[in-house]
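Chain A is fixed; fit chain B onto it per the hints.
Sequence lines, in order, name chains A and B. The first sequence: position 66 = 66 (this note's numbering), numbered continuously. The second sequence: position 84 = 84 (this note's numbering), numbered continuously.
Keep in mind that a hint or two might mislead.
List time: in silico SDA-like cross-link candidates among lysine to any residue, alpha-carbon distance up to 25 Å [as the list claims (entries may be wrong)]:
| # | chain 1 | residue 1 | chain 2 | residue 2 |
| --- | --- | --- | --- | --- |
| 1 | A | Lys7 | B | Asp114 |
| 2 | A | Lys97 | B | Arg111 |
| 3 | A | Lys270 | B | Gln133 |
| 4 | A | Lys270 | B | Asp235 |
| 5 | A | Lys97 | B | Arg234 |
| 6 | A | Lys7 | B | Glu106 |
| 7 | A | Lys7 | B | Leu108 |
| 8 | A | Lys7 | B | Tyr101 |
| 9 | A | Lys270 | A | Ser80 |
| 10 | A | Lys270 | B | Gly102 |
| 11 | A | Lys270 | B | Phe132 |
| 12 | A | Lys270 | B | Val141 |
| 13 | A | Lys270 | B | Ser135 |
| 14 | A | Lys7 | B | Arg111 |
| 15 | A | Lys123 | B | Thr15 |
| 16 | B | Lys5 | A | Gly130 |
| 17 | A | Lys97 | A | Val119 |
| 18 | A | Lys7 | A | Val73 |
| 19 | A | Lys7 | B | Gly102 |
| 20 | A | Lys270 | B | Gln220 |
| 21 | A | Lys227 | A | Val119 |
| 22 | A | Lys270 | B | Pro221 |
| 23 | A | Lys123 | B | Arg11 |
| 24 | A | Lys7 | B | Arg11 |
To be clear, the hints were calculated from the coordinates, so they are not data collected in a lab.
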Amino acid sequence: MLQYALKRILHTIPVLFGVLVVTFVLLYIAPGDPVMAMVGDRFDAATLERLRAELHLDEPVWSQFYHYVAGLVQGDWGRSYHTRQPVLDGILEHFPKTLYLASVAMLFATLSGVLIGVVSAVKQSTWIDGMGMTFAFLGISFPVYWVGLILILVVAVQWGVLPPSGYGGGALPYLVLPALTLGMRSTAYIARLTRSSMLEVIRLDYVRTARAKGLPEWTVIGRHALKAALIPVITAIGLDFGAYLSGSVLTESIFAWPGIGRFALNAILKRDLPVIQGTVLFLAIVFVLVNLLVDLLYGWLDPRIRYERS
Amino acid sequence: MELWKALERNRLAMTGAALCAVLLVLGIAGPWLAPYDPLRQDLTRSLQDPSWSHWFGTDSFGRDILSRVLYGARISLMVGVASQAIAFSLGVALGVVSGYYGGRIETLVMRLADVTLAFPTLLLLIAITAAFQPSLVVVFVAIGVVGWAGMARLVRSQALVVRELDFVQAARALGMNDLRILVRHVLPSCIAPAIIAVTLGMASAILLEAALSFIGLGAQPPTPSWGSMIADGRDFLRTAPWISVFPGLAIGLVVLGFNLFGDGLRDAMDPRLRGRAGAAARPE
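So here's chain A without its partners, still in its complex pose (with noise of 0.2 Å):
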């Protein structure tokens, strides 16, 4: 396991080069000039030669690059263009509510999902399983944001319900939309998951002891067969995590929800490349390191991985 570990970890670190690479490049190549955007209307050719020289633009490529990699290591993530708050304080500002809205989704997408998928498999082929199915269907091919605008309309303006939209100081109601919407694509497919996993699991010889046994059916289904179908579905719910953290642009900006996806969201509308691309690195690297939990995770639950890979 360990040396499993250790090979994996040593494999994140080129990965999370290149991922400073397309970044730095992304900007590299944006139009517009980074000085003329901060000093505004009122600059002269000095204030501009100096800006240039002080943020390393009239270097070469690779020397501005250098530049940019130490600065991040040091903290210093570089300045919005224009509420000129450091970029660092920003990401870390919002990053906490997002993490807040994607643990309750998560959480709600894990119980019903498997829920779901286990009512499926266990009364395969009739109805029940047909409906599950159905809305595990709908649920990946809807677009979130729409279903997220039908909700607003149905529960919050028809009905009255909870609110539309907003923070709210995080309490309850206003976080009941927005999980059920970023979660529903992970909820139809932790279900689906779940189902197929179950119905393998469900024809293997130690169930069918365990029920030769006399155990009753759902202590069977419960205890001894969900814990194997659980496996792949856990990599899954990790996966969608990572995703989550890193990219609930769409969710956030329907509620209007102050986390990262829509600080970078307004950030991109008003073309502010300094907190784009901090945005973009500090969610790419979030990505890479749940990626490299689950992986881990995912040895750990089932040690034939480990052979496998190495």
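Okay, now just chain B, sitting in the frame of chain A:
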């Protein structure tokens, strides 16, 4: 055609095929079927309810929603085909070559794939499209270029298996040159998973284009992309929900079609994978 028979027995897959066929027909014939000019504004007819003269109602500029949805089909079809053509050709070529030859080429290609896949898809697309002037062409290319990595991984793992098989070894022993072995023997055996991936990739691509256009980084007004139409209706959700509802339904049904068909295709091509949720399209 054994494959077709297996597909025909699968009702869900046939439903999916029908939905894809509808998109194909609308994408080609949409402009002739549309009752109105999708761009013509008529402020005296703004925000009208669905009625006999405007089946899906009108938007705030008095444009006919049905006509715009029909024109939008062409954009979704184009984004699916263009982006998957790019992802397919890049992914299959690099995947086969790196799987067959191994060594440095393989390491390089797979590291590039790792980096591409290290970014959350939608976020990377947002960053790329934001770096350029927003347009549909940028979106087509960006989705295709981001999509190559998954395809290359898939094809490579298949090529790794195929190159060890007897008939490939035999071809090599007979002195056939590498290029010929690659094209005639390895490629055809690796293509099945790539075709399934393309079908499911169409679904992702359509969803991603809609998401980018919804944010404002894809199709620019007044182009009737389904995603930007949903965005148009956001401010009128209370008074004129149909502006957003119909394009959203259109996206959902078409994506559902490709998901169902792709799933059925996988079951038919490789019965061992039956029922696996596997690589179903799932961007954010």
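(request) Starting from Lys270(A), check that the Cα of Asp235(B) is at most 25 Å away, please. (result) Holds - the C-alpha atoms of Asp235(B) and Lys270(A) are around 20 Å apart, at most 25 Å.
(message) Next pair to validate is Lys97(A) with Arg234(B); report whether the Cα-Cα distance is within 25 Å.
(response) 24 Å, holds
(message) Need the status of pair Lys7(A), Val73(A): alpha-carbon distance at most 25 Å?
(response) OK: Lys7(A) and Val73(A) at ~24 Å, within 25 Å.
(request) For the pair we were handed, Lys270(A) and Gln133(B), check the Cα-Cα distance against 25 Å. (result) 13 Å, holds
(request) For the pair supplied as a hint, Lys7(A) and Glu106(B), confirm whether the alpha-carbon distance does not exceed 25 Å. (result) Holds, at roughly 18 Å.
(message) So if I understand the rule, the pair passes when the alpha-carbon distance is 25 Å or less; does Lys270(A) with Ser135(B) pass?
(response) Holds, at roughly 17 Å.
(message) Holds or violated: Lys123(A) and Thr15(B), Cα atoms, limit 25 Å.
(response) 23 Å, holds
(request) Verify the proposed pairing of Lys7(A) with Tyr101(B), using a straight-line Cα cut of 25 Å. (result) This hinted pair holds, its Cα atoms lying about 24 Å apart.
(request) Mind checking the alpha carbons of Lys270(A) and Val141(B) for me, to see if they're no more than 25 Å apart? (result) Roughly 24 Å between the alpha carbons, so the hint for Lys270(A) and Val141(B) holds.
(request) Measure nothing beyond the straight line between the CA atoms of Lys7(A) and Arg111(B); if it is 25 Å or shorter, mark the hint as holding. (result) Status holds; Cα separation ~15 Å.
(message) Would the hint linking Lys97(A) and Val119(A) be met if the CA-CA limit is 25 Å?
(response) Outside the cut-off at roughly 33 Å; violated.
(message) Hinted pair, alpha-carbon criterion (25 Å max): Lys123(A), Arg11(B). Please report holds or violated.
(response) 20 Å, holds
Violated hints, listed in ascending order, are 2, 10, 17 and 24; each of the other numbered hints is respected by the structure.
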